[in-house]
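Protein chains: 2
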Amino acid sequence: MRCFTILLFFSSIVAVGLASNVEDEGIISQVVEIHRLRPQTGSAGYTVPQLDCLSWRLAVETNNLQNWRLVPKECENYVGHYMLGKQYRRDCEYVAKQAIEYAKALKLGGDGKDVWVFDIDETTLSNLPYYARSDVAFGAIAYNNTKFNAWTAEGKAPAIPSILGVYKTVLSLGIKPVFITGTRENFKQVRIVNLKKVGYSNWAALILKGENDSGSAVQFKSSKRTELVKAGYRIVGNIGDQWTDLIGENVGARTFKVPDPMYYIS
Amino acid sequence: MRCFTILLFFSSIVAVGLASNVEDEGIISQVVEIHRLRPQTGSAGYTVPQLDCLSWRLAVETNNLQNWRLVPKECENYVGHYMLGKQYRRDCEYVAKQAIEYAKALKLGGDGKDVWVFDIDETTLSNLPYYARSDVAFGAIAYNNTKFNAWTAEGKAPAIPSILGVYKTVLSLGIKPVFITGTRENFKQVRIVNLKKVGYSNWAALILKGENDSGSAVQFKSSKRTELVKAGYRIVGNIGDQWTDLIGENVGARTFKVPDPMYYIS
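Just so you know, the sequences run in chain order Y and P.
If you're matching positions, the first sequence starts at 14 in the working numbering and goes up one per residue.
If you're matching positions, the second sequence starts at 14 in the working numbering and goes up one per residue.
Just to be clear, a hint being listed does not mean it is correct.
Identical copies look the same in the list; a pair holds intra-copy or inter-copy alike.
Listed next, the in silico DSS-like pairs over lysine-lysine satisfying Cα-Cα at most 25 Å (straight line) [claimed, not checked]:
1) 160 with 86
2) 110 with 86
3) 169 with 120
4) 169 with 181
5) 117 with 222
6) 237 with 86
7) 120 with 86
8) 99 with 86
9) 86 with 210
10) 86 with 181
11) 209 with 243
12) 99 with 222
13) 120 with 201
By construction, these hints were calculated from the structure, which means they are not laboratory data.
For clarity, every value in this text was computed on a predicted model and none was experimentally measured.
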């Protein structure tokens, strides 16, 4: 009888220990593929609210969701993990792969008039070191112009490696890179230094937003592209992280959308 | 001593049972958010090759990847689970939510000239019962025109519930739905029956591809939308699963992309 009591006591401890373990470590018992696609854990169908962020991000990337101002609070962690994890890099690499394949297949004019338009922030350069700060929270905290400008002035933004690869391919093919950015003209020198430091060292034009450019991003970028076309250039490609880079007038023969779930520029 | 032996024996059974359970059910012990976003399982960093399909699908949905002919073989299971699981439905619901919010905020002419363009396949109606067949494999097996036409002729395609919601909202607001589909004219009756059966019962026009419409999807849909505009209609919204529904001429005041990782129409 005493032995039975000990046995019962021991097995209870094991059972309790197991149960609390499951809860603590968030162990998920589900077939792997299903698990990754279904926003549920466990066979009981417990829903993880944060996984609605998958639909949110898809809506952002396809431009179904427009004029949003902040990353939803419940998606702050999701966006952080996405940006710092491998998936963001993989998604960028996939876009770059398509752009490189497209560029290599182009029949060029050979007259030096073929250009490729590159946006800068979150396209050629990454502000992730800034956006990962706790007072920025991947875009879940309201944009602070003073703070962001201070970061830009440091000139420390790293390249997005895969887009640097697009740039190098484009250059090697004889297509002239043109940077068009919403950054203000007074940051021109610091941007030049930053771009060159990380590997972007050659371009036909670096167009920043002047004092008189007061319209929307679409208007500004459209007008600058139209000037290029009027000057006889052919925009064979156009790559940016915002849809405002890729819509409007003279968008180019083909556009490429780089992922960016951190902010929306209208 | 005998009691200790029993105790040891019992606890071994528990331990072995637990261990084999872990293996059998594919239990993953990792922090939930990291796990879902990083294409790895376990702390050892084992990569799941299939998860490259996340980047592939994003490239499809953003139109970075164009003119693709088949779902990559390694993504067949991924696409299947996505389409049959909750994520596809959630993604559709998210698009529908944006479209409904946009429609409700519109200032309408009140003259009966406001129209909303709906695509049919994979937008208002779902061919998922067909695409889930083993000889179709969610688009991982080459398209078979005869088989697909036989399915269409059955007139059994269900509605996509969330897009039916968009349709009902649009109707209730006094915006006239217009269907423009790449389906051939000889399927007109069966499509009408199918649409009505699942809840789409009212439209200003149902435009199918005629014998003389031999161009690309973009050309066909652009020309039909242009006819609408020339007839004095204002296209306030446009929803489709293919980018060819949403680019070209007179695309409408705003477009909405419904997810579709099963096929690409150029």
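Going through the hints against the structure:
For a Cα distance limit of 25 Å, the shortest separation of residue 160 from residue 86 inside one copy, 21 Å, qualifies, whereas the shortest one across copies, 47 Å, does not. Proximity of residue 110 to residue 86 under the C-alpha cut-off of 25 Å is restricted to the inter-copy arrangement: shortest distance 19 Å between copies versus 33 Å within a copy. Proximity of residue 169 and residue 120 under a CA criterion of 25 Å is satisfied in neither setting, with 36 Å inside one chain copy and 46 Å between copies. In this assembly of identical chains, the alpha carbons of residue 169 and residue 181 lie at most 25 Å apart only when taken from the same copy (20 Å versus 51 Å across copies).
When the C-alpha separation of residue 117 and residue 222 is checked against a cutoff of 25 Å, the pair qualifies neither within a copy, at 31 Å, nor between copies, at 35 Å. Taking the shortest alpha-carbon separations for residue 237 and residue 86, neither the intra-copy value of 36 Å nor the inter-copy value of 43 Å comes in at or below 25 Å. Neither within a single protomer nor between protomers do residue 120 and residue 86 lie at most 25 Å apart by alpha-carbon distance, with minima of 47 Å and 31 Å respectively. In this assembly of identical chains, residue 99 and residue 86 lie within 25 Å of each other by CA distance both inside one copy and across copies; the values are 22 Å within and 23 Å between.
For the identical chains of this complex, residue 86 and residue 210 are neighbours neither inside a copy (35 Å) nor across copies (41 Å), given an alpha-carbon limit of 25 Å. Taking identical chains as interchangeable, the C-alpha atoms of residue 86 and residue 181 are never at most 25 Å apart, the minima being 38 Å within one chain and 31 Å between chains. For the homomeric pair residue 209 and residue 243, neither the shortest alpha-carbon distance inside one copy (28 Å) nor that between copies (51 Å) is at most 25 Å. Neither within a single protomer nor between protomers do residue 99 and residue 222 lie at most 25 Å apart by alpha-carbon distance, with minima of 33 Å and 44 Å respectively.
Neither within a single protomer nor between protomers do residue 120 and residue 201 lie at most 25 Å apart by alpha-carbon distance, with minima of 33 Å and 42 Å respectively.
Comparing the model with each numbered hint stated earlier shows that hints 3, 5, 6, 7, 9, 10, 11, 12, 13 do not hold.
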